[in-house]
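Undergrad: Each chain, written out:
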Amino acid sequence: MTDSNAIAAAMEPRLSADKRFVLLASRLWAWVFLGVMIVFFIIAVPLFGGATFLTVRNSQNILMAIVPVLLLGLGQTFVIIAAGIDLSVGWVMSLASVLSAHAIRASYNAGAPLFLAVFLGFAAGVGGAATVGLVNGLIIAKLKVPAFIVTLGTSFIVRGLSLLFSENTTVIGLPEGVRDYGNEALFYWVRGEGGGFYVLERPEVTGALLRSMDRILAWPVVITAVVVIFCIFLLKRTQFGRHTYAIGGNMQAALRTGIPVDRHIIKLYMLSSATAGIAGVLSTLRFTAGSAVIGDPLLLSSIAAVIIGGVSLFGGAGSIVGTVIGALIIAVLTTGLVMLNVQAFWQFIVVGAVVIIAVLIDQSRDLILGRRGRGS
Amino acid sequence: MSEPILSIRHMVKRFGGLTAVNDVSLDIHPGEVVALLGDNGAGKSTLIKCVSGVHLPDSGEIRFEGRPVSFPKPIDARSAGIETIYQDLALANNLDVPANIFLGREMKNRYLGGLVQTLNDRQMLREAAQSLAALEIQFPTLTQPIESLSGGQRQAVAIARAIYWKARLMIMDEPTNNLGVPEQQKVLELIRRLRDQGVPVILITHTMPDVFAVADRIIVMHRGRKVAEKRMADTNASELVQYMVGALDDTRTVA
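Chains as they are written, first to last, in my numbering: chain A, 5 to 380; chain B, -18 to 236.
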């Protein structure tokens, strides 16, 4: 076996201890950054803003705030890992919101019970969204048009459709009870005399007690959590996820090893649109209205979350947990700065800086590891 | 001598007015390393691509393991047992060793009657480790993305993948290109080991030292034609160079 030992010695990769440290640091920095930021706001907000940062209500507000950004980012994570990009998700979310509102209103008015109407709303919103993804995927995979251009084009088309279907306004007149689906929660916590902790049922309280009632894990948050877990499973534990990484890492290798690349790409864009569709339906439930302009402002935030989370725009690297942390970082940052009474434009400046720093950290890791270009 | 595993008869491949492969016949036997030698444009890559299913020859016959075969697509050649390792290796650098060996043919756990299928990474790791051990290849770790591996190590992964999937003929395109000298030696050693395990190897190269290090037989091509076929013992480097540049040509001078 001296032979094989010699081979092993000659072929052994050399990673020194300090390089390994850098590697570890670059993987963990987002967690550390999130932690440091939370500690900073816990200390700074009472000092300068006069409020308390770490409250149950505030944490739930942050979770509700990240729901749409995160849902847009989840599908996007798959697409970008496969070295694609989906610029249409913002308007697709709007389209899903409008379609679901129409479906809920029409089916309820036709006599359907509320839960069935809401279910049909989900079907219409997510189904309509996935259809856009199917079109994106077909054009990208079969006609070989760059994803950037295809999804830019469809985003304009979908924008037009959203405004058309909503008649240039919001879709209102939804049944009252829809509101509960978008706002009620798994747990309720009422502080003070006569309060308590309630599971699955909203306590009948009024006055001061109502004001001190916190909803913990609202339904949109629960649904998003389920989607997150599904996405983690899909990316890490299934052949679908493995092929997603392979296509992003080396398209030629994927083709030559017999991976059905075209079909896979179509599925990726359908997945991306579908998670955006869920975001659209949830916003309809939350606001009891379908809005044609709800999604567009969230597109760039969602891509920022994906990038901060460590997904490489060149494809082949990234994780769902990273995207969740990316979305959390943006939401905590924004909330914290608001509570510090910092003017709104500073939020954008800070988020932008964090995006660039995140990419710089990823690049320095590649540099230190002497990473070769992909595909060779 | 034993039955040839691959035999090509009168193969012709034209691209427009250019005849890239002109009436070439050759045999490959089990357990031999055959070097396919030739200058750039000699037609050796085109010949090989006809065997691996990238090109469809215009005329001629390919027999593999005694049966006439035709490979309209690369996947057809691969499923017949002909593995071609190109210079780019077709590896995903962002995935680890087992993921690459099983790329496109992943092992899965099935639950709920196949409704839910997960990757069986443990089994794939075990099988990958075994197939590497059979080739006496040792890596410190198999579970890191292979971009941290050297060029020779990645070459070894590509070879191990081909062997795992029961390659009965290996075609390697310039395997020692872009490698340092010690790594070149290791790759050549792997090629010898493949031969010792009975897997014949066609080695496309124009690196003379590689030829003399591993080849049993040498076929030289020049301008699309086979100009020489020599046993290792019967030739030398300067003679081969003369064949490569067209100064010597057995089809013309020798009956």
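It should be emphasised that the hints constitute simulated quantities derived from the structure, not laboratory data. Just so we're clear, the structure is a prediction, and the values are computed from it rather than from any experiment. Just so it is clear, CB atoms sit at the ideal spot from N, CA and C, and this is done for glycine as well. Please note: incorrect hints may appear among the correct ones.
Stated by the list, open to error - DEER-style ranges, computed between Cβ atoms: (1) A/Lys23 <-> B/Gly22: 23 to 33 Å; (2) B/Asp69 <-> A/Gly39: 53 to 63 Å; (3) B/Leu96 <-> A/Phe318: 32 to 42 Å; (4) A/Trp350 <-> B/Asn101: 19 to 29 Å; (5) A/Ala229 <-> B/Asn90: 23 to 33 Å; (6) B/Asn90 <-> A/Gly211: 37 to 47 Å; (7) B/Gly(-3) <-> A/Pro150: 27 to 37 Å; (8) A/Pro50 <-> B/Gln98: 26 to 36 Å; (9) B/Trp146 <-> A/Val226: 22 to 32 Å; (10) A/Val203 <-> B/Trp146: 38 to 48 Å; (11) B/Gln98 <-> A/Ile153: 56 to 66 Å; (12) B/Gly41 <-> A/Asp266: 29 to 39 Å.
Undergrad: Does the Cβ distance between B/Trp146 and A/Val226 fall inside 22 to 32 Å?
TA: violated (45 Å)
Undergrad: Between the beta carbons of A/Trp350 and B/Asn101, is the distance compatible with 19 to 29 Å?
TA: For B/Asn101 against A/Trp350, whose Cβ atoms are near 50 Å apart, the range 19 to 29 Å is violated.
Undergrad: Given the hint of 37 to 47 Å, check if B/Asn90 and A/Gly211 actually sit that far apart at their C-beta atoms.
TA: violated (56 Å)
Undergrad: Mind checking the hinted window 27 to 37 Å against the Cβ distance between B/Gly(-3) and A/Pro150?
TA: Check passed, 31 Å falls within 27 to 37 Å.
Undergrad: For A/Lys23 and B/Gly22, compare the CB-CB distance with the range 23 to 33 Å and indicate the outcome.
TA: violated (43 Å)
Undergrad: Okay, B/Leu96 versus A/Phe318 on CB: inside 32 to 42 Å?
TA: holds (35 Å)
Undergrad: Look at the Cβ atoms of B/Asp69 and A/Gly39 and judge whether their distance stays inside 53 to 63 Å.
TA: violated (42 Å)
Undergrad: The hint says 38 to 48 Å between A/Val203 and B/Trp146; measuring C-beta to C-beta, is that right?
TA: violated (54 Å)
Undergrad: Okay, A/Ala229 versus B/Asn90 on CB: inside 23 to 33 Å?
TA: holds (25 Å)
Undergrad: Could you say whether the range 56 to 66 Å given as a hint is met by the Cβ separation of B/Gln98 and A/Ile153?
TA: violated (34 Å)
Undergrad: Confirm or reject the claim that B/Gly41 and A/Asp266 have a C-beta distance inside 29 to 39 Å.
TA: The hinted range 29 to 39 Å holds for B/Gly41 and A/Asp266, with Cβ atoms some 32 Å apart.
Undergrad: Quick check on a hinted range of 26 to 36 Å for A/Pro50 and B/Gln98, using CB atoms only.
TA: Since the Cβ atoms of A/Pro50 and B/Gln98 sit about 51 Å apart, the hinted range of 26 to 36 Å is violated.
When held up to the earlier numbered hints, the structure conflicts with 1, 2, 4, 6, 8, 9, 10 and 11 and fits the remainder.
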